[in-house]
Amino acid sequence: MSTTVVDARNLLCPLPVIRTQDAVVKLQPGDAVQVLCTDPGVVYDIPAWCRVHGHEVCDINEQEYEIAISIRVGESGS
Amino acid sequence: MPQKPKAVALISGGLDSLLAARVALDQGVHVEGINFYTGFCVEGHTHAIRKQDRARPKRNNALWSAEQLGIKLHIVDIIEEYKDVVINPKHGYGANLNPCLDCKIFMVDKAREWIEEKGFDFIITGEVIGQRPMSQRKDTMPVIARDSGAGDRLVRPLCARNLPATLPETLGWLDRDKLYGFNGRSRKPQMALAEKFGFEDYAQPAGGCCFLTDKQYSVKLSDLWATRGTREYDLDDIMLLKVGRHLRPRPNFKVIVGREEGENRFLEGYRKRFVHMIPTSHTGPLVLLDGEVSADDIELAARLTARFSQGRDAEQVTIEVKQPGGDARSLDVVPLTADEIPAGWYI
Ligand code: SF4
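Sequence lines, in order, name chains A and B. To convert, note that position 15 of the first sequence is 14 in numbering that gives the first Met the number 0; the numbers rise steadily by one, no gaps. To convert, note that position 44 of the second sequence is 43 in numbering that gives the first Met the number 0; the numbers rise steadily by one, no gaps.
Honestly, the hints are just simulated from the structure, not real lab data. Keep in mind it's a predicted model, so treat the numbers as computed, not measured. Among the clues, some could well be false.
[As the list claims (entries may be wrong)] Derived EDC-like pairs: lysine to aspartate or glutamate, alpha-carbon spacing no greater than 20 Å straight-line: (1) B:K89 to B:D120; (2) B:K71 to A:E55; (3) A:K25 to B:D76; (4) B:K109 to B:D76; (5) B:K214 to B:E199; (6) B:K117 to A:E74.
[Stated by the list, open to error] Under 10 Å between C-beta atoms, here's a sample of chain B residues computed to sit facing chain A: (7) C40; (8) N59; (9) W63; (10) E66; (11) G69; (12) R230; (13) L234; (14) N263; (15) R264; (16) L335; (17) A337.
Glycine included, each C-beta is placed from N, C-alpha and C at the ideal position.
So here's chain A without its partners, still in its complex pose (with noise of 0.2 Å):
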């Protein structure tokens, strides 16, 4: 199964969390998403959005600079 990758390198909090929802708005229960992102707010604002929307993280990779987060879309959609 594919990934939608999400560039949001450069943006700003909360914009990488609006890019990420927009992504996942198009997508079905289960697909995986991976968001780019240099804004180290995202560890905190993209899983908070996941649980209020029932997604899972699978995973945060920080880099010193660049971070990389993996969902996975839940059953509830957006």
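Use these hints to put chain B with the ligand onto chain A, whose structure you have.
Frame of chain A; chain B with the ligand shown alone:
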């Protein structure tokens, strides 16, 4: 069983919208949150640009509110459409460049479009009569309801008892007796209600929910408009106003000076758009030049950059100057002295 009535609550991240949504939830309404991103919003993360603040835990208060309430939150990008609100507010500005009344009308109007599209029944806001001088007055409440097109589908649970009954009340979806009649600037009733609901650690923004209520920010935005001769702006413009020191040595250009590593890194993202410079002989900031600049302007900006570097007391500092296209050259300059930087340069 009849279907639950459905409402969307405008969630700003502050206490009032959190309480208003909770009051409706407690009456059995299905509530989802909506939060509008204008580009001017004050985010816990705005300071995350600065390296020293990176370690501090941050949160998006609107998302935090949604978690406390156990509701979904839809964050909507309104950056483009919001420009007209900021540039041409029909009802004017507040103390700074905050067009609060037009802003409220615009947001409720967007929420109205949203409920109509999604088949929701009404809109909830945390407004309280008399709480804010511009947008939350007894005479502006009906203006917001009318001009947004929401009419009696707009409910303010915290002050509903001081206002005419709304549709959800007349249809029996909300029991008016269980809504509130808060009035005035006091925060005590909200704090008492927060305690009753067990909400702790909620955000208490001073002034307002966005940078447009900030005096310094408004001065920078006015400067941008005045010197460009147009009020048009893009997201980068308004983000850059939140970062660095801004100085205008001459009418045709200003410099944006990174104050520390995190800001320098953020400003690096704009190298393709601006002439920029950085000291190479000494440690120092990344500096962007915004405006049409001559060779003489570049020399002055380089001397200013040297002043903000570790070489401020050196006889000479080498500055690398790069064009947005990438062409680079080095300049050896004498740093400006403190006296050569008039206070009036600072925006
Ligand atoms: S403070 Fe800013 S976001 Fe809040 S109502 Fe006023 S203009 Fe709108």
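Okay, the hints, checked on the actual structure:
no. : hint             : result
1   : B:K89 to B:D120  : 28 Å, violated
2   : B:K71 to A:E55   : 15 Å, holds
3   : A:K25 to B:D76   : 17 Å, holds
4   : B:K109 to B:D76  : 11 Å, holds
5   : B:K214 to B:E199 : 30 Å, violated
6   : B:K117 to A:E74  : 18 Å, holds
7   : C40              : 8 Å, holds
8   : N59              : 5 Å, holds
9   : W63              : 7 Å, holds
10  : E66              : 6 Å, holds
11  : G69              : 8 Å, holds
12  : R230             : 23 Å, violated
13  : L234             : 9 Å, holds
14  : N263             : 12 Å, violated
15  : R264             : 7 Å, holds
16  : L335             : 31 Å, violated
17  : A337             : 33 Å, violated
Going through the hint list in order, the structure does not satisfy hints 1, 5, 12, 14, 16, 17.
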